[in-house]
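Residue numbers (this note's numbering), protein chains in the order written: chain V, 556 to 668; chain F, -9 to 105.
Just so you know, these hints were derived from the structure itself, not from any lab. Wrong hints could be hidden among the right ones.
Unchecked claim - Cut-off 27 Å, straight-line C-alpha distance, at most; resulting in silico cross-link-like pairs (DSS-like, lysine-lysine):
1) Lys47(F) with Lys3(F)
2) Lys607(V) with Lys632(V)
3) Lys3(F) with Lys655(V)
4) Lys604(V) with Lys623(V)
5) Lys47(F) with Lys604(V)
6) Lys655(V) with Lys604(V)
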Amino acid sequence: GNSVTQMEGPVTLSEEAFLTINCTYTATGYPSLFWYVQYPGEGLQLLLKATKADDKGSNKGFEATYRKETTSFHLEKGSVQVSDSAVYFCALSLTSGTYKYIFGTGTRLKVLA
Amino acid sequence: KAGVTQTPRYLIKTRGQQVTLSCSPISGHRSVSWYQQTPGQGLQFLFEYFSETQRNKGNFPGRFSGRQFSNSRSEMNVSTLELGDSALYLCASSGRDRGAADTQYFGPGTRLTVL
């Protein structure tokens, strides 16, 4: 079936450290891929997206590249800030068959000053 | 463009009561999806509405229902509330038409507490 797997949290980093949150997917067809961020007490905000293989999504210093050969969409940031502390969700949407948005379980990031 | 709005933001109910949550999508968006988020189960899909018709449904009991109006606003209803229904309920809208995938934009959520 279709699924999204992301690394278990929490991830704890010092300010200015490099961040990687792994995300892999299983899907029939050609999904679009997304990263969302959720700050405490808020809904999910779209962080970035990619709609086809080799696309790179980027926003606010975060990047992720759609890798079809490894079915991955890992989130990276070169230098994290305390304000990046949040929960990050990887998701896919399917472009064929029954429309569905599938989310990973979320990865909590805590950045220490 | 105004974002997705949800009302109320917070709600406290007791077991056995029913509750109705409201969602107004981004102007022009015709698809509205609902999710339940809990610490234990994460983000779970409830249902999706498009042009007043339910098109997808998750694995929730019949106590959870929804509807969509001609202006795309949506409501979800939970009857006979249980303690386990305490959660953050998120609404998301997208501009997708039939057969196409599009980005979902989320509202701030309604925090429901069942006592």
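Going down the list of hints, with the structure as the test:
Of the pairs offered as hints, the one joining lysine 47(F) and lysine 3(F) holds, with about 25 Å between alpha carbons and a cut-off of 27 Å not exceeded. At most 27 Å may separate the alpha-carbon atoms for a hinted pair to count; lysine 607(V) and lysine 632(V) meet this at roughly 21 Å. Our distance criterion of 27 Å between C-alpha atoms is broken by lysine 3(F) and lysine 655(V), whose separation comes to about 31 Å. Distance check on the hinted pair: lysine 604(V) and lysine 623(V) sit about 14 Å apart at the alpha-carbon level, within 27 Å; holds.
Our distance criterion of 27 Å between C-alpha atoms is met by lysine 47(F) and lysine 604(V), whose separation comes to about 25 Å. A hinted pair counts as satisfied when its Cα atoms are at most 27 Å apart, and lysine 655(V) with lysine 604(V) qualifies at roughly 16 Å.
Hint 3 alone, counting from the list given before, is not met by this structure.
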